[in-house]
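Sequences are here, hints too, so could you generate the full structure?
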Amino acid sequence: MGEREEVKLLGTWYSPVVARAKIALRLKSIDYDYFEEDLFGSKSELLLKSNPVHKKVPVLIHNNRAVVESLNIVEYIDETWNSSRPSILPFYPHDRAIARFWSAFVDDKWFPTLIATTITKSENAKAKGMEEVGEGLLLLEDAFISISKGKRFFGGEVIGFMDICLGSFLVIVKARENLKGENILDKSKTPSLCKWANEFLSDDTVKNVVPEIDRVVKFMREFEAETQTRAS
Amino acid sequence: MNQEEQVQLLGLWGSPFSKRVEMVLKLKGIPYEYIEEDVYVQKSPMLLKLNPIHRKVPVLVHQGKSIAESLVIVEYIEDTWKTSYPILPHDPYERSMARFWAKYVDDKVMLTLWKACLGPESEREKMVEEAYEGLKCLEKELGDKQFFGGETIGFIDIAADFIAYWFGIAQEASGVMIMTGEKFPKLQRWSENFVGNSIIKEVLPPKQKLLALFKAQFGNDPSK
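So the sequence lines, in the order shown, correspond to chains X and P. For the first sequence, position 43 matches number 43 in the numbering used here, and the numbering has no gaps at all. For the second sequence, position 64 matches number 296 in the numbering used here, and the numbering has no gaps at all.
A few of these clues could be false.
Said to hold, decoys possible - Only part of the chain P face toward chain X is listed, based on derived beta-carbon distances under 10 Å:
#1 Y266
#2 H286
#3 R287
#4 H294
#5 A300
#6 Y308
#7 D311
#8 T312
#9 R331
#10 Y336
#11 S354
#12 E371
#13 E373
Said to hold, decoys possible - Heads up, simulated DSSO-like pairs for lysine-lysine below, C-alpha to C-alpha not over 27 Å straight-line:
#14 X:K43 x P:K314
#15 P:K288 x P:K433
#16 P:K340 x X:K49
#17 P:K314 x P:K377
#18 P:K347 x X:K55
#19 P:K340 x X:K128
#20 X:K55 x P:K439
#21 P:K335 x P:K258
#22 P:K335 x X:K8
#23 P:K439 x P:K314
#24 X:K149 x X:K195
#25 P:K372 x P:K314
#26 X:K28 x P:K335
#27 P:K372 x X:K49
#28 P:K415 x P:K439
#29 X:K55 x P:K368
I should point out that these hints are in silico values taken from the structure, not numbers from a laboratory. Beta carbons: idealized from backbone N, C-alpha and C, even for Gly.
Next comes the structure, spelled out in structure tokens:
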């Protein structure tokens, strides 16, 4: 170590995928400058320049090069600061493949299904969506049991890639449960995941990094009111 | 080779996803047993056991364990057989860019290209516009390089196999012309380099067979 490398993170306080980058940086004890972006107002010059294709957060800027997409950023952090423990991706290729498979499942199937249930106006579609969300959680419960092998996290004793991927959505899930009186993470159906969720949210690398549930509830309430006003 | 080392690939002859894995196996010189799965007719018990979540091909089996999702499999192969023919760059930043563009191809470009040819009329104009945007981005990213990977075929090239080969045939079958040599000269040149590569050539499904398949699909009701 020695020289201070310039690391910047562009993000928003409420974004779960920005939290992924923060957790990874925290795990590796990397100092960085954080810049809050106002995505509802106007995007900063720096954001538009560093992520011209998608214009989204998070963006990690290291040595003046921009890395985009949250899981890419996590892998980049792991590969660049590879001498700092802990390792975020698992060691064995097959375990890495399993982590990538499940993170793709969460990002490409499970979470979009959950989001769709908030947007849809059809009660039918919403019910069907929530059913799929529940089924997905059952699959993730099995995956957790098989991957964690009795340890606290998907990554073992320490938070790893899959923990970061799924765990980053926990605050939104809990905020949603709060706001809508729903029971998404059900102790009777997915007891291991529920236990894991508590372990994750109370971990030192996560605790002060993810937004507070109450703040997210308030944000969701305001956002919903805003979109309904615009729609009517 | 002992049983433990044996690599098996469950695939589909016409699938660009399945072929991604075959291309990488061949580029790295890894011997494998290929098992054809006719997923549209009947999924075999083996497939259902090895990929119970998505029930799709490709699935790679190695050392008694199975891996699904084409790009996850490609990364697995890269992680396991490190010494031959690197598919991903060495530098972490370059790797993150390769992963970014591969995902861009998968998430943004492939689906819009397909829907532009095959999708319902009501969506088609929007899909064609989005397809142009996607291809323009890729044209810019490719620049004057021979391949997205530079001088050799890499992760992005493999991910974009559909664009290099399948899409041209889909255009011929549907009559929709989006990717032309005039509009996308760099992508055109890249496609020719890609399909002309001696190893890739061996792996690609026969054109006439694909053309017949697409014509049949486009001829029917365009709901997937």
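Hint numbers not upheld by this structure, sorted from lowest to highest: When the structure is compared with the hints, numbers 1, 3, 11, 12, 14, 20, 23, 25 turn out to be violated.
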